[in-house]
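Residue numbering for the sequence shown follows numbering that gives the first Met the number 0, starting at 0 and increasing by one per position.
Keep in mind the hints are simulated off the structure, nothing from the lab.
Heads up, a few of these hints could be off.
[Stated by the list, open to error] As a list, the in silico BS3-like pairs of lysine-lysine whose alpha-carbon atoms are at most 25 Å apart: (1) Lys-68 / Lys-21; (2) Lys-14 / Lys-68; (3) Lys-14 / Lys-102; (4) Lys-25 / Lys-71; (5) Lys-102 / Lys-25; (6) Lys-71 / Lys-21; (7) Lys-68 / Lys-25; (8) Lys-14 / Lys-71; (9) Lys-102 / Lys-68; (10) Lys-21 / Lys-102; (11) Lys-102 / Lys-71.
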Amino acid sequence: MDMAAASHQETSRAKLNRETSKIAWKELQRFFASGAALAVADDLDLVEVALELSRDNAALIREWMAAGKFGKVSDEQAAAWYQSDALLWAVVVSPWVLVQQVKK
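Based on the provided sequences and hints, a complete structural model is requested.
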């Protein structure tokens, strides 16, 4: 990767990091209902996943999906988060909203 590409990637990472915030799952219900909520496993870095999604890194995205570490929020997960009034980390990579449980 050349210096310009590395600098652009760092700028993109910093922008996504600033746009990441904690939000109640109940506030994200409309995104889940429209199929736009994507769950990120606890052992992945939310900002890194958002960056790779924005870069359209299909090979890595497929790898995470195959490992069950990234994909649409399941009905079961949504119900559990709703019942527990979960607070999640979230970041938008339009048209998607990536969510990850706040680590305890």
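Hints versus structure:
Between Lys-68 and Lys-21 the CA atoms are separated by roughly 20 Å; this keeps the pair inside 25 Å, and the hint holds. A distance of roughly 23 Å separates the Cα atoms of Lys-14 and Lys-68; the hinted pair therefore holds under the 25 Å criterion. Taking the CA atoms of Lys-14 and Lys-102, the gap is near 22 Å; set against the 25 Å cutoff, the hint holds. Simply put, Lys-25 and Lys-71 have alpha-carbon atoms about 16 Å apart, close enough for the 25 Å limit, and the pair holds.
Annotation: proposed proximity of Lys-102 to Lys-25 holds, straight-line Cα distance about 18 Å (limit 25 Å). Distance check on the hinted pair: Lys-71 and Lys-21 sit about 19 Å apart at the alpha-carbon level, within 25 Å; holds. A hinted pair counts as satisfied when its Cα atoms are at most 25 Å apart, and Lys-68 with Lys-25 qualifies at roughly 22 Å. Our distance criterion of 25 Å between C-alpha atoms is met by Lys-14 and Lys-71, whose separation comes to about 24 Å.
Taking the CA atoms of Lys-102 and Lys-68, the gap is near 15 Å; set against the 25 Å cutoff, the hint holds. Between the alpha carbons of Lys-21 and Lys-102 the distance comes to roughly 11 Å, so the proposed pair stays at or under 25 Å and holds. Only pairs whose Cα atoms come within 25 Å are accepted, and Lys-102 paired with Lys-71 is accepted, the gap being roughly 20 Å.
Consistency with the previously given hints is maintained throughout, with no hint failing.
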